[in-house]
Amino acid sequence: MLEIQNVSFSYQKKQRVLSSVSLKLEREEIGVILGRNGSGKSTLIQCIDGILKPEEGNILLDGKNIQEMKRGERAQRIAYVSQDSEVPALSVYDFVLLGRLPYIRFSYSKEDHERTRRCLERLNLQDLAMKSMSSISGGEKQKAHIARALVSDAELILFDEPTNNLDIHNQIHLLEWIKELQEKDHKTILLIMHDLSLSLEIGTHFYLMKQGKLLYEGGKEIITEKTIEDTLEVHSHIHHVDGKILVTLGGNKHD
Amino acid sequence: MSMSNEERNLQQIYQKNQLRKILILIVLAGFTFVLFLIALMVGTSNLSFGESFLALFGQGDSSSVRIVLNIRLPRALAGLIAGAGLSLSGLMMQTTLNNTMASPSTLGVSNAAVLGANIGIVLLSGGMVDTNGGVQWSYNPYAISVFAFVFALGSILLVLALSKFKNFSPNTVVLVGVALGLFFTAITTLIQYFATDIQLSSAVYWTFGDLGRAGFDDVFIMLVPIAISFVFFQLFSRQYNALLLGDKGALSLGIPLSLFRFITLLLSSLICAVCISSLGIISFIGIIAPHIIKRFIGNDHKFLIPASLLSGSVILLFSDILARCLLRGTSLPVGAITAIIGAPFFLILLFTGKEKKI
Chain P
1 MLEIQNVSFS YQKKQRVLSS VSLKLEREEI GVILGRNGSG KSTLIQCIDG
51 ILKPEEGNIL LDGKNIQEMK RGERAQRIAY VSQDSEVPAL SVYDFVLLGR
101 LPYIRFSYSK EDHERTRRCL ERLNLQDLAM KSMSSISGGE KQKAHIARAL
151 VSDAELILFD EPTNNLDIHN QIHLLEWIKE LQEKDHKTIL LIMHDLSLSL
201 EIGTHFYLMK QGKLLYEGGK EIITEKTIED TLEVHSHIHH VDGKILVTLG
251 GNKHD
Chain E
1 MSMSNEERNL QQIYQKNQLR KILILIVLAG FTFVLFLIAL MVGTSNLSFG
51 ESFLALFGQG DSSSVRIVLN IRLPRALAGL IAGAGLSLSG LMMQTTLNNT
101 MASPSTLGVS NAAVLGANIG IVLLSGGMVD TNGGVQWSYN PYAISVFAFV
151 FALGSILLVL ALSKFKNFSP NTVVLVGVAL GLFFTAITTL IQYFATDIQL
201 SSAVYWTFGD LGRAGFDDVF IMLVPIAISF VFFQLFSRQY NALLLGDKGA
251 LSLGIPLSLF RFITLLLSSL ICAVCISSLG IISFIGIIAP HIIKRFIGND
301 HKFLIPASLL SGSVILLFSD ILARCLLRGT SLPVGAITAI IGAPFFLILL
351 FTGKEKKI
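Chains as they are written, first to last, in our numbering: chain P, 1 to 255; chain E, 1 to 358.
Derived by calculation from the structure, the hints in this document are not laboratory data.
Since the model is a prediction, treat every value here as computed from it, not as a measurement.
By construction, the Cβ of each residue, glycine as well, lies at the ideal position given by its N, Cα and C atoms.
Where hints are given, some of them may not hold.
Claimed, not checked - Derived coverage of chain P by chain E (criterion: at least 3 residues anywhere in the stretch with Cβ under 8 Å from a Cβ of chain E; other residues may be distant):
#, region
1, 87-96
2, 100-108
3, 116-124
To be verified - Computed far set for chain E versus chain P, every beta-carbon distance over 12 Å:
#, residue
4, Leu37
5, Leu69
6, Ile255
7, Thr352
Looking at chain P on its own, in the form it has when it is part of the complex (with noise of 0.2 Å):
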């Protein structure tokens, strides 16, 4: 589905932001980015979605490299939910039917108004579809960013660090959504997070990176001490309990 060769970027000259990455995410999986503040994570994301151009290297959409799509046809396959999304004055109704932009030249249609209330409906958001999106919560705002991406009907959808601002009653929540996004609409769906136990629960395959660079990339096995303490760099206590994996971190590595 989503298959990145050797991309890399640098924002200043000689400031490498990302170097060489390299990886691969299957249709319908959840993949999770995992790294410390800096470690290219944002940028990666970025690049993805075509907002970042990346200085060498391919990304392929189905073998497709994005670069070659057409803005539109980018927008309408890839949906992007940033972490410092400004939440504009617009109702949260507009909000979500903006997803549908990239189909549309100049007005909506019948049927664009039809998959928004859809929408906003299966996300329970049909009372605040008036509200203004700067007088909702934190929770709720987020559940109309997913509306967004899901009426954008995109196959691939980023996240980045959705959990942010949210309490835990919310953040359990959201990843509930998320994970139906996946299991219901059959989406592919690549999350920046930082929590290890949350990201063990709800995704699928892993990407850790450091400085630029993709050091482990595996299924769930590939979280271990060693690799969460390379780069990461805090000392973790892995737990199995009743089949889930429970990380406990303790101290810096350089403590």
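Dock chain E against chain P, hints included.
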């Protein structure tokens, strides 16, 4: 596929919301029309409402017909069109730069126009006449307008060319605009320092925005770019909504952001340039009109664009009516009136604002 009850309900709520916004537009259009008629009826000459109304249809004595059709009509049309244009250009600058304070003055366009006019007055105006009890008028107003226009347009091209190096990042555009604006003002100060008294008063007088300056030709010159820009902005109103998501959000939705920003800023500045060069500086409408109307109609550009257009006309026509009625026998510069009534009204809205309507 049949709709569920909730979906149907949502559709009704949405349609009701759209209807409310259409109603606001109709009310605004009505307001604009009434103010336009009033602008034709009032003035410093002592025509009664009845006489003015008849004169509008060519009835009554020839002097009142001349006053209404040749003096008041172009003035009212100028108010209608320039108000709409200045408000529209302010709104679009704010949207594309994601900066609520963006306006012709923050981008240096006004300052450049003033500099151009000053050069026109000081270097090109051969003769001066003394009319209207001491007010100095240039003999060569055409040259002044052309210079103001060329400088205003040149300045925005310079701002855009410099901002290109930073991919039109909104902050860069605003900072480059502010820096160039200060530079133009400094040159203007130097020119004025070496100007004669008559040139100086003429230059200062030019900066007072005044609708009375406009003839039918000015009205037409303003109308063309405003109409073209309005059609463009309205066609892409859904894309402008996406710009509210910020740069990343807009790019992610497939908007060619740099190109969009370039065209929008160029059209908005063109509007400012024609309005300022025809009428002088009428500040503040570009900031207050869009902000006021957003409180009533929300940020959906499908409605916000026409609403800003109309609210700009309402504010400028109303200000000009006041400018002509406040002191008997003379009319005040409308540029000052817009700010004097606009600023307090704006502050009241800002501090008493309820939750924004969407």
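To see whether the hints hold, each was checked on the structure:
1. Judged by the Cβ-Cβ criterion of 8 Å, the region 87-96 of chain P is covered by chain E as claimed, because 6 of its residues qualify and three suffice.
2. For the region 100-108 of chain P, the proposed coverage by chain E is satisfied: 6 residues have a C-beta within less than 8 Å of a C-beta in that chain, meeting the threshold of three.
3. Check on the region 116-124 of chain P: 4 of its residues sit with their Cβ under 8 Å from a Cβ of chain E, so the three-residue criterion for coverage holds.
4. In this structure E/Leu37 is separated from chain P by more than 12 Å, as the shortest Cβ-Cβ distance comes to about 34 Å.
5. A cut-off of 12 Å between C-beta atoms confirms that E/Leu69 is not in contact with chain P; the least separation is 39 Å.
6. A beta-carbon of chain P is positioned within 12 Å of the beta-carbon of E/Ile255; the least distance is around 8 Å.
7. Distance check on E/Thr352: its Cβ is at least 17 Å (rounded) from any Cβ of chain P, clearing the 12 Å threshold; non-interface status holds.
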